[in-house]
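Trainee: Read off the chains here:
2 protein chains.
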Amino acid sequence: MSVLVAGTIAIDDIKTPTTEHKNLLGGSACYAAISASFFAPTLLQGIVGQDFPEEHVETLKKHGIDLGGVEFSDGKTFYWSGEYFDDLNTRQTLDVQLNVIEDYHPKLDPTVAASKIALLANMSPVTQMEVLEQCQAKFVVADTMDLWIDATLEPLKALLQKIDLLVINDSEAKQLANTNNLITAGHRLRDFGPTYVVVKKGEHGALLFGEERFFSCGAFPLHEVLDPTGAGDTFAGALSGHLARDEGEVTFEALCQGVVHGTVMASFVCEAFSTKRLHEISQEDIQERYDEFIRYTHIR
Amino acid sequence: MSVLVAGTIAIDDIKTPTTEHKNLLGGSACYAAISASFFAPTLLQGIVGQDFPEEHVETLKKHGIDLGGVEFSDGKTFYWSGEYFDDLNTRQTLDVQLNVIEDYHPKLDPTVAASKIALLANMSPVTQMEVLEQCQAKFVVADTMDLWIDATLEPLKALLQKIDLLVINDSEAKQLANTNNLITAGHRLRDFGPTYVVVKKGEHGALLFGEERFFSCGAFPLHEVLDPTGAGDTFAGALSGHLARDEGEVTFEALCQGVVHGTVMASFVCEAFSTKRLHEISQEDIQERYDEFIRYTHIR
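Those protein sequences? They're chains A and B, same order as listed. Residue numbers for the first sequence follow our numbering, beginning at 1 and rising by one. Residue numbers for the second sequence follow our numbering, beginning at 1 and rising by one.
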């Protein structure tokens, strides 16, 4: 079964305390789609401008991603640049140029619309809703961020009523649920609509909330983080891709396994700039880290 | 086998956004000893003044704790008062009076010295060393805090060379190891001397570092934290008490189970002021929460 990944496709410039890289492949949907492609056939939905480097198109194709849903438009590609400080624990956005995504209204092909799982990666909830309304996915995952909670709360709330799983980071979960207790936040967000909620805690792992079910997942231990950009998107991509593997209903057990696979893939992506680390790894590397993770977290 | 718990015995006044309690049983050794007493015969080593309420003595006795090592001195008991803000995420010390612990030099009875496990709960590393030098424990656990890293770094480093397990919270681990990466911090602290290091992360759980072994443990999910005072001491107490259960060598597997029991006991202590919640719970309550924790963290 396939997974549809809709979100932003971007060109990123990233600065860290030690180095700087320009013209990188970025955007929530690119991280998520490359990550998902390790687990299931992946279809990408989004828009780029005429400046989008052919090299990035090739990268996405090498991962076997179906680009039928990508609109190649006049104008410039969505652009983001950011700088990391303090051993990568704080990030500052230096520049954002919406460009072609500003007036983007996705039109889904029937093949794209037929995916079992849809991941609405981080972008405006209005655009996420446009995708959702056109797709026939059995299970819809959505990510969001503080920008949308601040600027478009009502469209976001409308979206939450229609999705199955919300993936959100810890500070944003607290903000949206209006509490400082993460456990309360996870449960409250379920009351907004989604059957399941995953709260991402970065270096502290992730929490999965279901009806009377709960799963706590640590992070994979990393000695060095080179570039944490896109870690959350990579997490959501692997989780969604993993859910698309099976034909049946999405179970809580499948979600737990998806969360661990998301954790493993997110650990890889932090080890190099942009999506570069994901171009080097094999299924064996993923399995090895998955097994290692189980050893790290299970009591004997 | 028994566990020796040495540390501070205090009278606490605690204020939270909703309420205020005075004359509470406090101190690192009291939290730790009560917690340890659920797992093994527990001997308490410390000092109190003549103002120490009989009620607190009774509380410790009710938990079957051997008070032979407690010196009842002239003068006043160690006193601490603190206030919590911001949904209990920030704490401010309002007053500290060292009183009788200022000139305390512990003298260990032979029965106390013979315990299998010694927990040097949070206090001055100079006093911790005095206890260590008199005891014959097979396995020594020590806790510390930022105050001692700032004020008595050399005695602390000398202590670290003689202990088996350091228990330390995340910000202090980073401070002492001089890195912002927790995984690097855990490994570096092992280079200071201890065979094992546990980094406590509060609501995010704990990490256990050994030689080529690692264990990541989430926190027990709590909807409401009433008073987090002593949670770390309670954690260390249960961990040490659990290690005293078995006769043989301390294995990595026993440490993992100890960390989970520490997590469970810390979750209880946060649910009421002072050590009060620990007076209500039974072995069955602990086992129930332990089993629940395994369900929350193990993949099926």
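Wrong hints could be hidden among the right ones.
Which copy is meant is left open, because identical chains are indistinguishable; a pair holds if it fits in one copy or across any two.
Said to hold, decoys possible - Straight-line alpha carbon distances no greater than 25 Å define the calculated SDA-like cross-link-like pairs of lysine to any residue that follow: (1) Lys157 x Glu172; (2) Lys22 x Glu224; (3) Lys62 x Glu271; (4) Lys174 x Gln92.
These are calculated hints, taken from the structure and not from any lab test.
Trainee: For each hint, tell me whether it holds in the structure or not.
Mentor: Against the structure, the hints:
1. Lys157 x Glu172: Result: close within a single copy only, 14 Å intra versus 40 Å inter.
2. Lys22 x Glu224: within (21 Å within a copy, 45 Å between copies)
3. Lys62 x Glu271: Only inside one copy: Lys62 and Glu271 sit 20 Å apart there, 53 Å across copies, limit 25 Å.
4. Lys174 x Gln92: Both. Shortest intra-copy (21 Å) and inter-copy (23 Å) distances satisfy the 25 Å Cα cut-off.
The structure shown violates none of the earlier numbered hints.
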